[in-house]
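Engineer: The primary structure of each chain is shown beneath.
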Amino acid sequence: MREKLMGGFASRFSEVFKRLELSSTLEIANRASDVEVERVLAQGRANSLNEFAALVSPAAEKHLETLCRLSQRLTQQHFGKTIRMFAPLYLSNECVNICKYCGFSRHNDIPRITLDIEKVEREAALLAEQGFRSILLVAGEHPKYVSNGYVEEVVRRLAETFPSIALELGPLETPAYQPLTQAGCEALIVYQETYHEATYRSLHTAGPKKHFHWRMDTAERAYEAGFRRLGIGALFGLHEWREEALALAAHTQHLLKTCWKAQINISLPRMRPAAGEFEQVDFLQDHHFVQLITALRLFAPHAGITLSTREPSTLRDGLIPIGVTSMSAGSSTEPGGYSSFDETSFTPTREQEGEQFHIADERPPSEVARAIRKMGYEPVWKDFDQSLLAAV
Amino acid sequence: MSRHTTEPLIIGDRTFQSRLLVGTGKFSSNETMRDALRASETELVTVALKRANLSGDNDPFANILDYLESDRYLLLPNTAGAMNADEAVRIARLAVAAGLPNWVKLEIHPDPNYLLPDPIETLAAAEVLIKEGFTVLPYINADPVLAQRLQDVGCATVMPLGSPIGSNRGLDTRSQIEIIIEQARVPVVVDAGLGAPSHAAAALEMGADAVLINTAIAIASDPSAMAQAFAKAVEAGREAYEIGLGKANTSAEATSPLTTFLNA
Numbered sequence: 001m002r003e004k005l006m007g008g009f010a011s012r013f014s015e016v017f018k019r020l021e022l023s024s025t026l027e028i029a030n031r032a033s034d035v036e037v038e039r040v041l042a043q044g045r046a047n048s049l050n051e052f053a054a055l056v057s058p059a060a061e062k063h064l065e066t067l068c069r070l071s072q073r074l075t076q077q078h079f080g081k082t083i084r085m086f087a088p089l090y091l092s093n094e095c096v097n098i099c100k101y102c103g104f105s106r107h108n109d110i111p112r113i114t115l116d117i118e119k120v121e122r123e124a125a126l127l128a129e130q131g132f133r134s135i136l137l138v139a140g141e142h143p144k145y146v147s148n149g150y151v152e153e154v155v156r157r158l159a160e161t162f163p164s165i166a167l168e169l170g171p172l173e174t175p176a177y178q179p180l181t182q183a184g185c186e187a188l189i190v191y192q193e194t195y196h197e198a199t200y201r202s203l204h205t206a207g208p209k210k211h212f213h214w215r216m217d218t219a220e221r222a223y224e225a226g227f228r229r230l231g232i233g234a235l236f237g238l239h240e241w242r243e244e245a246l247a248l249a250a251h252t253q254h255l256l257k258t259c260w261k262a263q264i265n266i267s268l269p270r271m272r273p274a275a276g277e278f279e280q281v282d283f284l285q286d287h288h289f290v291q292l293i294t295a296l297r298l299f300a301p302h303a304g305i306t307l308s309t310r311e312p313s314t315l316r317d318g319l320i321p322i323g324v325t326s327m328s329a330g331s332s333t334e335p336g337g338y339s340s341f342d343e344t345s346f347t348p349t350r351e352q353e354g355e356q357f358h359i360a361d362e363r364p365p366s367e368v369a370r371a372i373r374k375m376g377y378e379p380v381w382k383d384f385d386q387s388l389l390a391a392v
Numbered sequence: 001m002s003r004h005t006t007e008p009l010i011i012g013d014r015t016f017q018s019r020l021l022v023g024t025g026k027f028s029s030n031e032t033m034r035d036a037l038r039a040s041e042t043e044l045v046t047v048a049l050k051r052a053n054l055s056g057d058n059d060p061f062a063n064i065l066d067y068l069e070s071d072r073y074l075l076l077p078n079t080a081g082a083m084n085a086d087e088a089v090r091i092a093r094l095a096v097a098a099g100l101p102n103w104v105k106l107e108i109h110p111d112p113n114y115l116l117p118d119p120i121e122t123l124a125a126a127e128v129l130i131k132e133g134f135t136v137l138p139y140i141n142a143d144p145v146l147a148q149r150l151q152d153v154g155c156a157t158v159m160p161l162g163s164p165i166g167s168n169r170g171l172d173t174r175s176q177i178e179i180i181i182e183q184a185r186v187p188v189v190v191d192a193g194l195g196a197p198s199h200a201a202a203a204l205e206m207g208a209d210a211v212l213i214n215t216a217i218a219i220a221s222d223p224s225a226m227a228q229a230f231a232k233a234v235e236a237g238r239e240a241y242e243i244g245l246g247k248a249n250t251s252a253e254a255t256s257p258l259t260t261f262l263n264a
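Top to bottom, those sequences are chains A and B. Taking our numbering, the leading residue of the first sequence gets 1, the next gets one more, and so forth. Taking our numbering, the leading residue of the second sequence gets 1, the next gets one more, and so forth.
Hints were generated in silico from the structure; no laboratory data involved. The beta carbon of each residue, even a glycine, is placed where N, CA and C say it ideally should be. Just so you know, not all the hints are guaranteed correct.
What the hints assert, rightly or not - Examples of chain A residues toward chain B, derived with CB under 8 Å:
1. ARG31
2. GLN77
3. SER387
Stated by the list, open to error - Where chain B lies over chain A, by a calculated footprint (3+ residues, C-beta under 8 Å):
4. 79-93
5. 367-379
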C-alpha cells in the first residue's frame with residue numbers, strides 16, 4: 001500500500017517518462033506568451049517543468065540578458081566564483097554499438113585501440129602534470145573492459161594520483177557498478193543522447209545501446225551502487241532542441257528527488273564533426289545554447305553544468321560567468337592521444353583518425369585556467385578527496 | 001565618552017578577540033581570499049579539507065593552505081564532502097596526520113544541494129572525534145535538542161544554521177536559535193545563510209557568541225570591503241548585546257489605567 005502511495009517517486013525515470021505528457025509542455029515551450037515569460041523571470045526561479053518550458057520558449061529569447069543575470073547570481077550563490085577542472089582520458093575506442101553520429105561506431109573503419117594499464121598510467125601522469133586532479137575515464141561499449149576487471153584495475157591505480165575519478169562507459173547493472181565504486185570511482189556519466197524514442201531507435205540500430213529505457217535508468221542503477229555524482233545529458237543536434245531540453249529537465253528533477261544524496265551534473269554536448277556521415281537534425285544555435293543553460297540554472301540551481309572542449313574558446317570564456325560549473329581543457333578524444341603530441345608546445349591537433357569527435361577549444365589547460373582567472377573565477381583542480389571513499 | 005570593550009570569545013582552550021569566523025570557499029582567487037581574511041580581522045578560519053592536499057606533498061594545483069596565514073588566525077579544517085560519520089572521522093584524522101590543527105568543524109551533509117547537516121551522523125562522529133582528543137565544532141540545523149546532545153558529548157561549540165548555506169536568507173531559524181542560546185553551555189556560533197551585515201549584527205544582538213560568514217563575503221564584488229563591513233556589524237551587534245538592548249514595545253500604554261480600582 002505504502003509503495004503504491006509513493007509510486008510516483010519510487011519508479012524509475014523510464015516509467016515516469018512514459019507517463020509524462022510532454023506534448024502540453026512542449027506547447028508552452030513553443031508558444032509561451034510574453035506575460036508568462038515575464039512572470040517566471042520576475043520570480044527568478046522556474047518552479048515547475050511548465051515554467052522551465054516558458055524560459056526556453058521563443059518569447060524568452062529577447063530576455064536573454066535577464067536570464068544570464070539571474071543565472072549568474074544563482075550559480076555564484078551555490079558554486080561561488082569557481083570552475084571545477086577535469087580532463088577526459090579515453091581508455092578505448094572499441095565499441096559494439098552502432099550509433100550513426102559517433103566516431104567510435106562499430107561500422108566506422110578507424111584504428112581500434114584499448115590502452116594497456118601501463119599506457120593508461122602514462123597518459124594519466126601527463127594529465128596530472130598539467131594540474132588535473134579530477135579525471136573522466138571514457139571507453140566505448142565493449143564487454144571485455146568491465147567483465148575482466150580492466151576498468152576496476154585502472155581505477156585502483158589512478159586513485160593514488162586522482163582524488164576524483166569519473167566514468168563514462170556503457171550502462172551496467174547495479175552489481176557490476178559496485179566494484180567500481182569500491183575501487184574509488186566517485187562519479188558516473190551517461191548521456192541519453194536523445195530522449196526522443198523514435199529518433200533514438202533510428203540512430204542506435206545495433207548493440208546493447210539500442211535499449212532506450214534501460215539506458216535511461218542507468219543513473220539510478222549507478223546511484224544504488226554508491227556513485228555520489230551522476231552526470232546526464234543529451235547530444236544536441238539529434239532532435240528538436242526544445243523537446244530534448246524538457247526531457248532533460250524532467251530527468252534532472254527526477255534524479256534530484258530519487259537520488260537525493262548525489263550531486264546531479266548536466267552536460268549539453270552539441271554535435272561536432274566526427275567520423276561517419278551524419279547530418280544533424282536541429283543544430284543548437286549559440287543564443288539558444290545560452291538560453292538553455294540559463295533556463296536550466298533557474299530550474300535546478302544546485303545542478304552542476306559541464307562545458308567540454310567541443311565548444312570554441314570564445315563561447316567557453318563567455319559562459320564562465322553565466323552558469324557553467326565545470327570544464328574540461330586540453331582534451332584528446334582518442335585513446336593514447338595525450339602522449340601522441342608534445343604537450344609542452346601544444347599545437348592545434350589535426351583531425352585524428354581514431355578520435356570520437358574533434359574538439360574546438362584547443363588551448364592547453366594552463367591557458368584555459370588563465371582565461372578563467374581573467375574572467376574573475378578560480379579554476380579549482382581538486383575538490384574531492386579519496387579518503388572520503390576509502391574503506392577503513 | 002568611554003568606548004565599550006567587548007568580552008573575548010572563548011572556545012575550548014583558546015581565546016579570540018574577533019567574533020567573526022570566515023570560510024574559504026567560493027572566492028574568485030586565492031589572493032582575493034587571503035586579502036578578505038586579513039580585512040575581516042578574523043581569528044578563526046575554516047577550510048574544506050577536500051580542497052587541500054593531505055598527502056604532505058606540495059601540490060601547486062591544490063595549494064589553498066599556502067594562502068592561509070596561520071600566524072593571523074587559527075585554521076579550522078572542515079569535513080565538507082563527508083556524507084556520513086565514517087567519512088568525516090577519516091578525513092579529520094588525515095588532516096591531523098598532515099599537520100593541521102586538531103580542531104575540526106564537523107559538517108556532514110548527505111544532501112549535496114542544500115547542504116543540510118545530518119544530525120544522526122554528526123552526533124556519532126562527534127563522539128568518536130572527541131574521544132580522540134579533537135576540539136569539535138559541529139555544524140547543525142537549529143535543533144535545540146540536538147544542540148544539547150552534542151554538548152553532552154563534549155563539543156566545544158554548537159553551530160546552528162541561520163538558513164541554508166549560500167542562501168543569504170538570514171536568521172530564518174531565529175526562534176529555535178533563541179532556545180539554543182538560552183540553554184547553551186558552550187559558545188553558539190550562527191553558521192550559514194547570513195547574507196548581510198545586518199543579519200550578523202542581529203545574531204550577535206540576540207546573544208549568539210559568534211557568526212561564520214562565507215558566501216556573502218566570497219562572492220561580493222569587493223570581498224575585502226564586505227569582510228570589513230561584516231566585522232563592524234559583528235562588533236556592533238556584540239556591543240549592543242553586552243550593553244543591553246531596550247525591549248521593543250509591542251503594545252501601546254493604555255490611556256486609562258486598568259488597575260485604578262485597587263486604589264479606591
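Engineer: Confirm or reject each hint.
Structural biologist: Against the structure, the hints:
1. ARG31: violated, 32 Å
2. GLN77: holds, 5 Å
3. SER387: holds, 5 Å
4. 79-93: holds (count 4)
5. 367-379: holds (count 4)
Hint 1 alone, counting from the list given before, is not met by this structure.
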